[in-house]
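*Asks:* Listed in order, the protein sequences are those of chains Y and Z. Counting from 1, one number per residue, gives the positions in the first sequence under my numbering. Counting from 1001, one number per residue, gives the positions in the second sequence under my numbering.
In short, the hints are calculated from the structure, not lab data. Take the hints with a grain of salt, since some may be wrong.
Stated by the list, open to error - Pulled from the structure, derived: some chain Z residues nowhere near chain Y, Cβ distances all over 12 Å: (1) Leu-1041; (2) Asp-1048; (3) Val-1068; (4) Leu-1094; (5) His-1250; (6) Phe-1262; (7) Pro-1269; (8) Gly-1274; (9) Val-1289; (10) Gln-1306; (11) Val-1372; (12) Val-1424.
To be verified - Here are some chain Y residues pointing at chain Z (derived, C-beta under 8 Å): (13) Val-58; (14) Val-96; (15) Ala-298; (16) Phe-328.
Note that the structure is a prediction, hence the values are computed from the model and not measured. Heads up, the beta-carbon is just placed ideally off N, CA and C, and yes, glycines get one too.
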Amino acid sequence: MPPLELMLAGVIGAALLLYLLFGGADFGGGVWDLLAAGPRKRAQRALIEDAIGPVWEVNHVWLIFVVVLLFSGFPRAFAAISVALHVPLTAFLLGVVFRGSAFTFRAYDSRSDSVQRRWGRLFSWASVISPVLLGMSVGALASGRIRVDGRVVSGGFFQPWLTPFAFSTGLLALTMVALLAAVYLSHETRDAELGDDFRFRALLCAGVLVLLSAVTFALSAAGAPVVYARLIGHRWAWPLFVGTALAGLGTFWSLLGGRSGWSRPLAAAWVSGIALGWMASQYPHWVVPDVTLTNAAARPATLELLLYVVAAGSVLLAPSLAALFRIFKAGRWGSHS
Amino acid sequence: MDPLTERLLFARAQMGMSLAFHIVFAAAGVALPLLMVLSDLRYRRSGDADFLELSRKMAKGTAILFAVGAVSGTVLSFELGLLWPGFLGSFGELVGLAFSLEGFAFFIEAIFLGIYLYGRGRVSPTFHLFSGVMVALSGAASALFVTLVNAFMNSPAGFTLAADGTLTSADPVAAMLGPAALHEVLHTLLSCYQATAFAMLGIHAAALLKRRDSSFHRKALFQVALPVACLTALLQPLAGDLAAKRVAEHQPIKLAAMEAHFETARGVPLRLGGIADEERGEVRYALEVPRGLSFLAFGDFNAQVQGLRDFPRDRWPPVAPTHVAFELMVGAGTVMAMLSLVTLWLRLRKRLHLLSRRYLWALLLSSPLGVVAMEAGWLVTEWGRQPWVVTGALRTRDAVTPFPHLAAPFWIFTGVYLLLAVAVVALLWRQVRPTLSPQFRAAGPEAAH
Ligand code: HDD
Ligand code: HEM
Ligand code: HEM
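Build the full structure now, drawing on both the sequences and the hints.
*Replies:* Okay, structure coming up:
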C-alpha cells in the first residue's frame, strides 16, 4: 500500500480536481455571464443561471473539503501557505463572497432590471477574478520562491505570486474554467442556436488554452525550475503529455463536428491532464522547495483516521451526489447524446 | 503600539467580526429547515395551503441566508490559517477530525438543500420532504462538529505537549470529546433554534399587529414558530446551568470573569448587573443574591468559589466585557423563558389573550433577544478563554500570523459584511411585504413558486 501521507494527498488532489471540474465551471459560467453578447444575450444569461442555481453550493464544498483535509493532514503546509499567500488568498475570498452572494441575490431579487444588472455585474466580475487569483497562488507554490524554515516563512508577501509565471498560471486557470463552462453549457440547452453560441465560445477558449499552455510551459523553465525539470524529466511525463494532447485534439474535433456528447468528457479530460501534470510534477512538495508531503504530515494515526473518515463519508456522499446530478442534469443531457 | 499587539488586535477583531456575522446565518441554516419541514408536515396533514405558502416563503429565505452562511463560513475556514497559522499549524491534526466530519455534513446539507429548493415538482412529495429532513439533520450535524472544535479550545483533551509547545502525542477522538463537549453542543444547538424561532415570531407578530385577520400569519406564528420558541426558551436555562457548572469545574478563571468575582471565598453571592472595575477588583451597583453563585456553580450554598486574584494577572481574561456579555445572555434568556411561561399559562386558559395587542407587542419586542443572547454567549466563551486560543496550551499571541498589514483586510471585510447585511435585510423584507397586503391569499399547490 502507498504511504499514508501519499494516500491522503491523493484524496486532496482528487478533491481539488473535482473542484476545478465542477466548482470551476460555475466560475466559468460567471465569465460567460459577463461576456454575454449577441441576439441571445438574455437567453445565455438565463441558461447560465439555471445551470448553476441548484448545484453551485455543492460544488463549492469541494473547496472547503480541500482546505479542511489540508489543515488536518498537513498542518504545517497549511500554516506556511496561509502566511505566504495571505494577500492573494484574501482577495480570492472576497471574490468567493461576492460571487456566491451576488448570484443568490440576483436570483431572488427580481424587482427591476437595473438592480438585477448590478448584482449580475458583481457576480460575473467576481467569477473572473477568483480563478485567476487561485491560479496565481498555485503558480507561487510551484515557483520555489516561497522559503519556509521551521515556522518562519520568507520570500515576501508579494514577490512569489507577482511574477510572469504566476500570471500565466492564473490566466491558464481562468481559461480552463471558461472552457469547461462553455462546453457544459452548450450541452445543457435544447435550443440549437444557443448551443452554438457556447460551442463557438468553447472553440475560442480551446484555442487560447493551447496558446497559454505553451506560454506557461515556456515560462516555467525560469519561473518554476524544479517543477519544470520534473515535468520534462519524469517517466510518466510523456504518456501524460500525449494523453493530454489527444484529449485536447479530441475536444477540437468534437466541438467542430458538433458532437456535443463527446466534448464534455474530452474537455474535462484535457483540463484534468493539465492539472494532473502540475500535481505530479509538484510531488512530493506542497511548497517547493521546503515543505513536502512527509515533513508537513500529521502523525500516522491521524492520517489513518482521516482516511477512514473519508471512506465512511463517501459512502453517504456518493449516492447523494448522484441523486442531485440525476435530478438536475441527467434529464437534459440524457436526451441529447 | 508595538507590531505584535497591533496584529493581535486586528486579527482578533477580524475573527470575532467574521464569527459574529457567520453565526447569525449559520443559526438560521440550522433552524429554518426544521421550521420548514414542520410547516410541510402541517400542510400534508391538513391540506391547508397557508402552510404550503409558508414553507415556500421560508425556502426562499433559507436560500438567501444559506448562501451568505456558506460564503462567510468559507471565509472563516481560510481565516483560521490566514489569521492564526500557529493554531492550526500545531493543533490542526487534533481538530481536523471534527472539521472533516463537518465537511461531509456540509456536502449533505448543500446537496439536499439544492434538491429541496429547486426540486419541488421535479421529485416526489415524499422525497422532497425527505430532502428537507436531511437538510435539517445535516445542518445540526455541522453545528455540532464545529462546536466540538470550540469545546476543545476551551477545555482541551487528548494530547501531551513537549516543553517547546510541540505535540508529543495526539488522540483526535479524545480531543473531540473533552469535558466541554456535551454542554457546548447542547447549549449551542438549542440557541440556533431559539434565536431563529424568536426572530420568526417577531416577523409574524408585527404582521398581525398590522393585519389582525391574516390567517396566514396567525398559523405561522402559533402553529410553527411559537412551539419551537417556547420549548427552547424553557430548556435553555437548564442547558445554561449545566454549562455554568462545567465551566466552574474546568475553567474556574472563566467563571470568575463571567461573574466578576475577585476574591476566593465560601458562600459567594450571585451578582446581577453591576460594573466591574478590574484595577480595583470590585463591582459597583450590583444586586446581590446571597450565596447564589456558590449554589448555582456547585450545588452547595457554602461551596468555595475561586476568585480572579488566585490567578496571575497576565492570565486574566478581559473581565468587564466578559461580565457584561454574560449578564446580557442570562438577562435575555430569563426574559424569553418568562415570556414562554406566560404563553403556556395563556394557552391553558384557552388562549384568552393570545391575540391581544399587548401580547403581540411582547413577542415583537422580545424577538431580537434570541440572537442577542446567542452573540453574547459566544462573546462570553471567547473572551473568557483569553489569553489562550487553546486553554493552557497555546496563547493567542503565539498563534497570530506574522503578516503585518492586518488593518486592511479587517476594514475591507467589515465593509463587505455590512453591505451584505443590508442587502439581506432588504431581500427578506421583500419576501414578507406582499403577505401584508389585504389581497394576499396563499396560492394552492398547483401555483408555480
Ligand atoms: C439563545 C441563546 C442563549 C440563551 C438564552 C442562553 N445562552 Fe448561554 N450561551 C449561548 C447562548 C445562550 C451560546 C450559544 O452563545 C454559548 C456560547 C458557547 C456555548 O456553548 O453556548 C453560551 C455560553 C454559555 C456559557 C459558557 C460556556 C463555556 O464557555 O463553556 C455559560 C456558563 C452559559 N452560556 C450559561 C447560560 C445561562 C445560565 C443561561 C440562563 C438563562 C444562558 N446561558 C442562556
Ligand atoms: C459563531 C459564534 C462565535 C463567535 C461570535 C465567536 C467570537 C469570537 C471572538 C469575539 C473572538 C476574539 C476573541 C478575542 O481575542 O478577544 C474569537 C476568537 C476565536 N474564535 Fe471564536 N466565536 C465563535 C465560535 C467559534 C468556534 C465554533 C470556533 C472553533 C472552530 C472559534 C474559533 C476561534 C478562534 C480560533 C479564535 C482566535 C483565537 C482567540 O482569539 O482565542 N470560534 N471568536
Ligand atoms: C458555532 C458556530 C458555528 C455554527 C453553528 C456553524 C454552522 C454552519 C452551518 C449550519 C453552515 C451551513 C450554511 C448555512 O446554513 O448558512 C455553515 C457554513 C459554513 N461554516 Fe459554519 N458554523 C459555525 C462556525 C464556523 C466556524 C468557526 C467555521 C470555520 C472555522 C465555520 C465554517 C463554515 C464553512 C466553511 C461553511 C460553508 C459550507 C458550505 O459551503 O456549505 N463555521 N456553518
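*Asks:* It remains to establish, for every hint, whether it holds in the given structure.
*Replies:* Evaluated hints:
1. At roughly 22 Å, the least C-beta separation between Z/Leu-1041 and chain Y is larger than 12 Å, which holds for a residue marked as non-interface.
2. With a minimum CB-CB distance of about 25 Å to chain Y, Z/Asp-1048 clears the 12 Å threshold, and the non-interface call stands.
3. With 12 Å as the threshold on Cβ separation, the claim that Z/Val-1068 sits away from chain Y is violated: the shortest Cβ distance comes to roughly 5 Å.
4. Its closest Cβ contact with chain Y, about 8 Å, brings Z/Leu-1094 to no more than 12 Å, contrary to its assignment away from the interface.
5. Non-interface call for Z/His-1250 relative to chain Y: holds, since the shortest CB-CB distance, roughly 25 Å, exceeds 12 Å.
6. The beta carbon of Z/Phe-1262 is kept farther than 12 Å from every beta carbon of chain Y, the shortest such distance being approximately 37 Å.
7. The non-interface label for Z/Pro-1269 is consistent with chain Y: the shortest C-beta to C-beta separation is roughly 45 Å, beyond 12 Å.
8. Every C-beta of chain Y lies more than 12 Å from that of Z/Gly-1274, the closest at about 40 Å, which supports listing it as non-interface.
9. For Z/Val-1289, the shortest C-beta to C-beta distance to chain Y comes to about 45 Å, beyond the 12 Å cut-off, and the non-interface label holds.
10. For Z/Gln-1306, the requirement that its beta carbon stay farther than 12 Å from each beta carbon of chain Y is met, with the minimum near 34 Å.
11. Annotated as non-interface, Z/Val-1372 keeps its C-beta farther than 12 Å from every C-beta of chain Y; the closest such distance is 24 Å.
12. Look at Z/Val-1424: its CB is around 8 Å from the nearest CB on chain Y, not clear of 12 Å, so calling it non-interface is violated.
13. Taken as an interface hint, Y/Val-58 checks out: its beta carbon lies about 4 Å from the nearest beta carbon of chain Z, inside 8 Å.
14. Look at Y/Val-96: its Cβ gets to within about 6 Å of chain Z, closer than 8 Å, so that hint holds up.
15. The closest approach between the C-beta of Y/Ala-298 and any C-beta of chain Z is roughly 4 Å, which is under the 8 Å cut-off, so the hint is satisfied.
16. Proximity of Y/Phe-328 to chain Z holds as hinted, the smallest CB-CB distance being about 7 Å (cut-off 8 Å).
Going through the hint list in order, the structure does not satisfy hints 3, 4 and 12.
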